[in-house]
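Turn these sequences into a full structure, and let the hints steer you where they fit.
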Amino acid sequence: MALFRRETQRRVNTLPLVAPSVGVLLIWMIIPLVMTIWFSLQNYNLIVPTIRGFAGLDNYAYLLDDPALWTAMINTLVLVGSVLAITVVFGTLFAVLLNQDFWGVGAARLFIIAPFFVMPTVSALIWKNMLMHPVNGLFAWITRSLGLPPVDWFADVPMLSVIIIVAWQWIPFATLILLTALQSLDEEQKEAARMDGAGPLSMFYFIILPHLGRSITVVIMIETIFLLTIFAEIFVTTSGGPGLATTNLAFFIYIRALLEFDVGGASAGGVIAIILANIVAIFLVRSVARNLDA
Amino acid sequence: MIKSVKSAAVLSSTMALAVALGAAVPAMAQTTVTIATVNNGDMVVMQGLSSAFEAANPDIELEWVVLEENVLRQRATTDIATGGGQFDVMTIGTYEVPIWAAEGWLTAMDNLPDDYRLDDVLEPVRAGLSYDDTLYALPFYAESSMLFYRSDVFADAGIEVPDQPTYDQVAEWAAAIHDPDNEFYAICLRGKPGWGENMAFLSTLVNTFGGQWFDMDWNPQLDSPEWAAAVNFYVDLLNNYGPPGASSNGFNENLALFSTGRCGMWIDATVAAGMLFNPDQSQVSDQLGFARAPIDVHPVGSNWLWSWALAIPASSDAADAATRFVTWATSQDYIELVAENNGWVAAPPGTRISTYENPNYQEAAPFAGSVLAAIQSADPINTTANPKPYSGVQYAGIPEFQAIGATVGQMMAAALTGQMSVEQALASAQSSTERVMRQAGYID
Amino acid sequence: MPTSQRHKLMMSLLGWVVAFLVFFPILWMFLTSFKTELDAVSGTPNIFFEPTLENYAAVQERADYFRFAMNSIIISFGSTILALVFAIPAAYAMAFFPSKRTRGTLLWMLSTKMLPPVGVLVPVYLIFRDLQLLDSHLGLVIVFALMNLPIIVWMLFTFFKEVPKDILEAGRMDGASPRQELRFILIPLSVPGIASTGLLSVILAWNEAFWSLNLTTVAAAPLTAFIASFSSPEGLFWAKLSAASTMAIAPILIFGWLSQKQLVRGLTFGAVK
Chain A
1 MALFRRETQR
11 RVNTLPLVAP
21 SVGVLLIWMI
31 IPLVMTIWFS
41 LQNYNLIVPT
51 IRGFAGLDNY
61 AYLLDDPALW
71 TAMINTLVLV
81 GSVLAITVVF
91 GTLFAVLLNQ
101 DFWGVGAARL
111 FIIAPFFVMP
121 TVSALIWKNM
131 LMHPVNGLFA
141 WITRSLGLPP
151 VDWFADVPML
161 SVIIIVAWQW
171 IPFATLILLT
181 ALQSLDEEQK
191 EAARMDGAGP
201 LSMFYFIILP
211 HLGRSITVVI
221 MIETIFLLTI
231 FAEIFVTTSG
241 GPGLATTNLA
251 FFIYIRALLE
261 FDVGGASAGG
271 VIAIILANIV
281 AIFLVRSVAR
291 NLDA
Chain B
1001 MIKSVKSAAV
1011 LSSTMALAVA
1021 LGAAVPAMAQ
1031 TTVTIATVNN
1041 GDMVVMQGLS
1051 SAFEAANPDI
1061 ELEWVVLEEN
1071 VLRQRATTDI
1081 ATGGGQFDVM
1091 TIGTYEVPIW
1101 AAEGWLTAMD
1111 NLPDDYRLDD
1121 VLEPVRAGLS
1131 YDDTLYALPF
1141 YAESSMLFYR
1151 SDVFADAGIE
1161 VPDQPTYDQV
1171 AEWAAAIHDP
1181 DNEFYAICLR
1191 GKPGWGENMA
1201 FLSTLVNTFG
1211 GQWFDMDWNP
1221 QLDSPEWAAA
1231 VNFYVDLLNN
1241 YGPPGASSNG
1251 FNENLALFST
1261 GRCGMWIDAT
1271 VAAGMLFNPD
1281 QSQVSDQLGF
1291 ARAPIDVHPV
1301 GSNWLWSWAL
1311 AIPASSDAAD
1321 AATRFVTWAT
1331 SQDYIELVAE
1341 NNGWVAAPPG
1351 TRISTYENPN
1361 YQEAAPFAGS
1371 VLAAIQSADP
1381 INTTANPKPY
1391 SGVQYAGIPE
1401 FQAIGATVGQ
1411 MMAAALTGQM
1421 SVEQALASAQ
1431 SSTERVMRQA
1441 GYID
Chain C
2001 MPTSQRHKLM
2011 MSLLGWVVAF
2021 LVFFPILWMF
2031 LTSFKTELDA
2041 VSGTPNIFFE
2051 PTLENYAAVQ
2061 ERADYFRFAM
2071 NSIIISFGST
2081 ILALVFAIPA
2091 AYAMAFFPSK
2101 RTRGTLLWML
2111 STKMLPPVGV
2121 LVPVYLIFRD
2131 LQLLDSHLGL
2141 VIVFALMNLP
2151 IIVWMLFTFF
2161 KEVPKDILEA
2171 GRMDGASPRQ
2181 ELRFILIPLS
2191 VPGIASTGLL
2201 SVILAWNEAF
2211 WSLNLTTVAA
2221 APLTAFIASF
2231 SSPEGLFWAK
2241 LSAASTMAIA
2251 PILIFGWLSQ
2261 KQLVRGLTFG
2271 AVK
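Sequence lines, in order, name chains A, B and C.
Going by my numbering, the first residue of the first sequence is number 1, and it counts up by one from there.
Going by my numbering, the first residue of the second sequence is number 1001, and it counts up by one from there.
Going by my numbering, the first residue of the third sequence is number 2001, and it counts up by one from there.
If you're looking for bench data, these hints aren't it; they were derived computationally from the structure.
Check the hints yourself; a few may be wrong.
[What the hints assert, rightly or not] DSSO-like, lysine-lysine: derived pairs with alpha carbons at most 27 Å apart:
#, chain 1, residue 1, chain 2, residue 2
1, C, K2100, C, K2113
2, C, K2100, C, K2161
3, A, K190, C, K2008
4, C, K2261, A, K190
5, C, K2008, C, K2261
6, C, K2100, C, K2165
[Stated by the list, open to error] Quick look at which bits of chain A chain C covers, simulated, 3 or more residues with Cβ under 8 Å:
#, stretch
7, 30 to 38
8, 103 to 117
9, 163 to 177
10, 227 to 240
11, 260 to 268
C-beta atoms are modelled at their ideal positions from N, C-alpha and C, and glycine is treated no differently.
Structure representation (structure tokens):
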């Protein structure tokens, strides 16, 4: 603590160090933000250029009045929440598994982290066409071989299908980070617990899990950032449907921006997304970020 | 010392190489033409054969941007509407051409060379690519829709298909040939949401059931009994006799199903004929039957009209070179070039009378006559039972339609999967369409 | 068999079953890329088939793979280097000279990443048009650098916080300026952290498919644009799509595998105390 105080008192001029990246980020953030807010107050449709002018809050009123917006928000939260839960659980289990000493553990690790390197578009295409397709897909063949009717994934359980695909991509990331944390766990501590007669389960619960707390926070933090704006997987597989079943906020804005070409409406949607993102950010700060002692 | 000699040698040889390379480049200034196109089979063939064009026009260099249809559309629209000027040639359809021409975004196709023979281009296609009687894009290929069926299965079942079937007959036949235990499904139709996917088919179905998108005052008509009848028919037919996963099947997925022998009937684009007849791509090339698109109470508007055409954005800085390319790629000579290289069955269909008069084509493509009849009978104006204010068979030619079609398409997919009832789906489609039309100022 | 051996056998079995299942979709795509189109769509999966390279030939004939791959490499590495140049000083300052606003700044940076990019496409497109940055490597390098900057700053921040302050103090006693301190003490000490941050940034830039599709046409188009031209054409396409996908992910997969030890070493996020 004393050290800390001395540092702040020393008043090193950090401005030239922080300024470039904060400044650049500021420009990156502020210019589009200002433009977005500006456009959100305009009548501006790319394909109907004749109607231009100040719209006031019309774009917002129009959006907030759209029942699809609320569905999209709920879908966003369901998608983010489920994927987070799945990736943390499986990430932990896989990390514990890969932390064991077994034959070919190095190679097995390579295979388990591979999905993280696959482009989202590609992984969505593989899952959609080769695995989950109800006629030609592999899963359909398996269920048929078992004498069961094939599951029509994207029609019967669209959200679950998207969650599976996204989780498949992000489990490796969670596994990697949690594995790193596990490897730093003190062997002596584990040994001591074992001496005290702790079984594998209680060891996991009382020693390993608390040790992973901080890394799990990191996983949640980073994944949330990416999962809030999931788009490619939905675009490729369900196009937000059937109905609105898989329309998240990013896809909702996409419809405004690149199907209606309504720049005003899409900008208003963007502003709403920023507000939502900041609510999530505040929530994250409250609940998890204090772990990060920033 | 040795080191520096060595590097000097490397340097001088690099320079010599650079000079040699520089000399190899022709002194003529090259114009680069950037072409945005969709990744359909016929376009890929064009890309392959374009070296012939470059050889004949050494002063022009072609650059290709090949994209999937949806991505292409958003990419092209963003660029042309913001005047980005990234493309010199864009592949667009009959939906975009009149709308974009009205905004002054496209270069008019007047002053075409005489040997282009514009009068050889099919009239409905030309009309579809015009705005205010001026042509704004040249058709690369054109299509209507028709019924494909498995002649062997129909013969076994003792069914005779008339030249002009009705939807009642389709339903009847479907019940007779459906055999899901052997993974054979009586009918495949588009179910994948999208204005160019399920809504293209559904719009034609609604037309022939006597319905339409908007009345003369632009009031959406999705809550009409005609829509309800058409959508109920569609949902029942597909759920009873369709393949699993119909709600994610678009043109491609159905093509894959039909060509691997899983479908008994399929109502879709006429371009599929060439692919289904090609034994390299299809297991059913010998058992293919075809007829005109089925009809119901209103005999017109059950077959659509679409053309992928090449247009030159007003923002292009190489309009002359682009015009040379566009006239080449849509010419009779080009069609013959494809025939020479890939056989007549692969010739781009639907654009020129001369193709259909060619005996080689008639022989290689027994479906030619039906395709021609389908295209010539498609009328974007007089489509529906009651007068309508928009042009287009399977769409409404207004800028707002892309978004409307996308949303309504989702609702129809939801009805197909049973997530909503047909009534609910149509009611929410109606209210969302009303919202869009109200915001755009068509109605108040 | 002693218990420990049996335990190891069980673990090996379990580990390999899990690895197989997780990797299976990629393996399946890889196998499909060597099938004929008709084989690829047949509903009964066949593992024994006559492999063909025709799909790879067809893909290469249609699109110059190496140009796309080169663009991907230039853009993802270029943006990573640019981002690191900006991020290292900022993270250093935040880690060693924290102020009241540090925490807020960090979180604000992260929250900028939560805006769906599609919402700002048109504004950014207009800016790029006016700055002549459309379809340029530089344009994408800048966008990706900015896109990944928040994550990079934050990761570096957590690494730097782990560096014992005494070492820096010692340097400072010897009269090192903050700049020298950063260059001669901190950076050499945190090479693993910087490397794994860079790796993550390369992977994210490589796989980004929105800006790269919408801001490029020909000259700067990376592999994500290459994939977009194969994703759902007319006709049978699964085998060709598999071949194109395999080509698109192979470089980054191999790169990732080669560097995964590094990645693991660096991803500690300060978990090592």
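Does K2261 (chain C) pair with K190 (chain A) here, judged by a C-alpha cut-off of 27 Å?
At roughly 24 Å apart (the allowed maximum being 27 Å), K190 (chain A) and K2261 (chain C) satisfy the hint.
Distance restraint between K2008 (chain C) and K2261 (chain C), which requires alpha-carbon spacing of 27 Å or less:
23 Å, holds
Can the restraint linking K190 (chain A) and K2008 (chain C) be considered satisfied, given a maximum Cα separation of 27 Å?
OK: K190 (chain A) and K2008 (chain C) at ~19 Å, within 27 Å.
Would you check the hint for K2100 (chain C) and K2113 (chain C), treating anything up to 27 Å between C-alpha atoms as holding?
22 Å, holds
Within 8 Å of chain C's CB atoms, at least three CB atoms from the stretch 103 to 117 of chain A: coverage verdict
As far as the stretch 103 to 117 of chain A goes, the hint holds, because 14 residues have Cβ atoms under 8 Å from chain C.
Restraint status (C-alpha distance of K2100 (chain C) to K2165 (chain C) at most 27 Å)
19 Å, holds
Outcome, coverage hint (the stretch 30 to 38 of chain A, chain C; C-beta under 8 Å; three residues):
As far as the stretch 30 to 38 of chain A goes, the hint holds, because 4 residues have Cβ atoms under 8 Å from chain C.
Verify the coverage statement for the stretch 260 to 268 of chain A against chain C, using a C-beta to C-beta distance below 8 Å and requiring 3 or more qualifying residues.
holds (count 3)
Do the alpha carbons of K2100 (chain C) and K2161 (chain C) lie within 27 Å of each other, as the hint requires?
Holds, at about 16 Å.
Given coverage of the stretch 163 to 177 of chain A by chain C, tested with a Cβ cutoff of 8 Å and a minimum of 3 residues
Since three or more residues must qualify, the claim that chain C covers the stretch 163 to 177 of chain A holds, with 5 doing so at under 8 Å.
Counting residues of the stretch 227 to 240 of chain A whose CB is closer than 8 Å to a CB in chain C, do you get three or more?
holds (count 5)
No hint from the list above goes unmet by this structure.
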